[in-house]
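**Q** Model the full structure from these sequences, guided by the hints.
Residues in the sequence shown are numbered consecutively from 92, following the working numbering.
Source of the hints: derived by calculation from the structure; they are not laboratory data. Certain hints may be false.
[Stated by the list, open to error] DSBU-like, lysine-lysine: derived pairs with alpha carbons at most 35 Å apart:
1) Lys502 x Lys466
2) Lys413 x Lys288
3) Lys297 x Lys323
4) Lys488 x Lys227
5) Lys397 x Lys502
6) Lys323 x Lys227
7) Lys287 x Lys297
8) Lys491 x Lys323
9) Lys413 x Lys397
10) Lys297 x Lys397
11) Lys490 x Lys297
12) Lys456 x Lys466
13) Lys491 x Lys297
14) Lys502 x Lys490
15) Lys227 x Lys413
16) Lys466 x Lys397
17) Lys491 x Lys413
18) Lys227 x Lys466
19) Lys502 x Lys227
20) Lys488 x Lys502
21) Lys287 x Lys413
22) Lys490 x Lys413
23) Lys397 x Lys227
24) Lys297 x Lys227
25) Lys323 x Lys287
26) Lys413 x Lys297
27) Lys297 x Lys488
28) Lys502 x Lys491
29) Lys288 x Lys466
30) Lys287 x Lys227
31) Lys397 x Lys491
32) Lys490 x Lys323
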Amino acid sequence: AYCDHWVSNVFSRTDFLNTLEDTLGFTPKVDFNAGVVAAGEAQIESTVTGNDSDMITRDKVLTDQSQVYLPINNALSPVGHVSGFLNELGQGIQHIASRVEDLVSFVQQANDRRILTGEGFTFLSIPRSYYGILSKVQLEGVVSQDCAEMLLDVCNQVGITGVDGAVDLDLSGDDIEAQLDQALEGSDCLEEYLDKKPDIVAIILKSRYVNLYSLLQHHLSPETYLRIVRNKILVDVQGEDLLYQIFTCNMLQRNAGEEAPFLEFIQRVCSECKDKDGCSAEIKPGCGGFGIRNFLTLFLSIEVSKAMADVAHARAEGNERKRLHAQNMVDCFTAQLNESNPILTEISNAMTEEGNLRQELHDVKDKSSIAALEKRIEEASERKAAGNRRLMECSTKYKKLMQNIREGSAKA
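**A** Shown next, in the form of structure tokens:
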């Protein structure tokens, strides 16, 4: 593994950035404002700063160390990890990120070694809803609403899905088909099911990674998608580049439950586009970005998982009021996740364009070209700002909707 970047938590981000620029010549590359890095009441701001590397290659960037990135965080609220870190430990390095060539295999080996020896890295547990869960909406694409609801209930009853709505990763298409054939025998849904059986089974299998598929489409094989899900790896996209991420649990803790540094391992899968001669496109450092999607998506996925578990528990208790309340929460969180994703895509694309243009600006000398690039940078920056405003509006909207759900349940 090779060092990719390290992240610091500080009290004054602007002062720290100014010091880095004055002493090392580092300049800001990417800004994450509170609209992107918000999880409930916890809000932070973050800036990725670094040197200006001239490295451009057509080879793998794994071993290249010419580009240095130093993301800097500061807390905007008195709650959350960054605030707790600063209060307990003071300013310092939050985590170190190492770049590996094949993250999926790296994590698989680490997990296997820990199981065999009882030693090694323990990684953060990512909820299955981050990757995808089976929903009635997916099934309604091929069957009626009543049949979709029955299929969803049957999948839960026979163990195709767990309490979180996620499909068992060890089930094959034949396994799912056999269980549904038996469970739906004589039901009102049988005729629709038999007519659409291949489509239904395909939807159930694909639900295991449907969120990732919406980002990457056919870029990865089903087998690779499943390896990512099994090893709980985070995936992000910027332009044509991919970023795979995983984080360890806190390390070097003084006492259990206290804040502490941790490690990150990443793989940058740079653009596979070809130039006009059919050769691999030139690669620049930092391809794949720094995981803009994963801040909000992960938070919402955790909330969906909790609400799905509440649905299952209420159903088991026979408490219809609690079940409806929990289902309303599932629907609300899911809707926010779906509405936020395209906004995050717009922000990510604008950030990528802005970063590329700023890099291009360093190589331009004549005034007219500089003016043209500065105008395009300003336009990309405005699109990013507009996306952040929309994201804040989206978060406010669903915060109010969730408040209405809770108040309505309390009155019932």
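**Q** Taking the hints in turn, state whether each one holds.
**A** So, going through the hints one by one against the coordinates:
Taking the CA atoms of lysine 502 and lysine 466, the gap is near 54 Å; set against the 35 Å cutoff, the hint is violated. At most 35 Å may separate the alpha-carbon atoms for a hinted pair to count; lysine 413 and lysine 288 meet this at roughly 33 Å. Taken as a hint, the lysine 297 and lysine 323 pair is honoured in the structure, with Cα atoms around 16 Å apart against an allowance of 35 Å. As the CA atoms of lysine 488 and lysine 227 are separated by approximately 24 Å, the hinted pair is consistent with the 35 Å bound.
About 22 Å separates the Cα atoms of lysine 397 and lysine 502, which keeps this hinted pair within 35 Å; it holds. For the given pair, lysine 323 sits about 24 Å from lysine 227 by alpha-carbon distance, which is consistent with the 35 Å threshold. For the suggested pair lysine 287 and lysine 297, the alpha carbons sit about 15 Å apart, so the restraint of at most 35 Å is met. Of the pairs offered as hints, the one joining lysine 491 and lysine 323 holds, with about 31 Å between alpha carbons and a cut-off of 35 Å not exceeded.
With a C-alpha separation of about 13 Å, the suggested pairing of lysine 413 with lysine 397 holds against the 35 Å cut-off. Proximity of lysine 297 to lysine 397 is assessed by CA-CA distance (about 22 Å); at most 35 Å being required, the pair is judged to hold. For the suggested pair lysine 490 and lysine 297, the alpha carbons sit about 30 Å apart, so the restraint of at most 35 Å is met. For the suggested pair lysine 456 and lysine 466, the alpha carbons sit about 15 Å apart, so the restraint of at most 35 Å is met.
The suggested pairing of lysine 491 with lysine 297 holds, with an alpha-carbon distance near 32 Å, which does not exceed 35 Å. For the hint linking lysine 502 to lysine 490, the alpha-carbon distance of about 19 Å falls within 35 Å, and the restraint holds. Of the pairs offered as hints, the one joining lysine 227 and lysine 413 holds, with about 19 Å between alpha carbons and a cut-off of 35 Å not exceeded. The hinted pair formed by lysine 466 and lysine 397 fails the criterion: a straight-line CA distance of about 46 Å is larger than 35 Å.
Between lysine 491 and lysine 413, the direct Cα distance comes to roughly 20 Å. Compliance with the 35 Å bound is thereby established for this hinted pair. With a C-alpha separation of about 46 Å, the suggested pair lysine 227 and lysine 466 falls outside the 35 Å cut-off, and the hint is violated. In summary, the hint linking lysine 502 to lysine 227 is supported, as the alpha carbons are separated by about 28 Å, within the 35 Å threshold. With a C-alpha separation of about 21 Å, the suggested pairing of lysine 488 with lysine 502 holds against the 35 Å cut-off.
Between lysine 287 and lysine 413 the CA atoms are separated by roughly 33 Å; this keeps the pair inside 35 Å, and the hint holds. Among the hinted pairs, lysine 490 with lysine 413 is consistent with the structure: their alpha-carbon atoms are about 20 Å apart, no more than 35 Å. For the given pair, lysine 397 sits about 18 Å from lysine 227 by alpha-carbon distance, which is consistent with the 35 Å threshold. Distance check on the hinted pair: lysine 297 and lysine 227 sit about 14 Å apart at the alpha-carbon level, within 35 Å; holds.
Restraint check: the Cα-Cα separation between lysine 323 and lysine 287 comes to about 31 Å, which is no more than 35 Å; the hinted pair holds. A distance of roughly 30 Å separates the Cα atoms of lysine 413 and lysine 297; the hinted pair therefore holds under the 35 Å criterion. The straight-line distance between the Cα atoms of lysine 297 and lysine 488 is roughly 30 Å, inside the 35 Å bound, and the hint therefore holds. Taken as a hint, the lysine 502 and lysine 491 pair is honoured in the structure, with Cα atoms around 17 Å apart against an allowance of 35 Å.
Distance check on the hinted pair: lysine 288 and lysine 466 sit about 54 Å apart at the alpha-carbon level, beyond 35 Å; violated. Of the pairs offered as hints, the one joining lysine 287 and lysine 227 holds, with about 15 Å between alpha carbons and a cut-off of 35 Å not exceeded. For the suggested pair lysine 397 and lysine 491, the alpha carbons sit about 19 Å apart, so the restraint of at most 35 Å is met. The suggested pairing of lysine 490 with lysine 323 holds, with an alpha-carbon distance near 28 Å, which does not exceed 35 Å.
Of the numbered hints stated above, those contradicted by the structure are hints 1, 16, 18 and 29, listed in ascending order.
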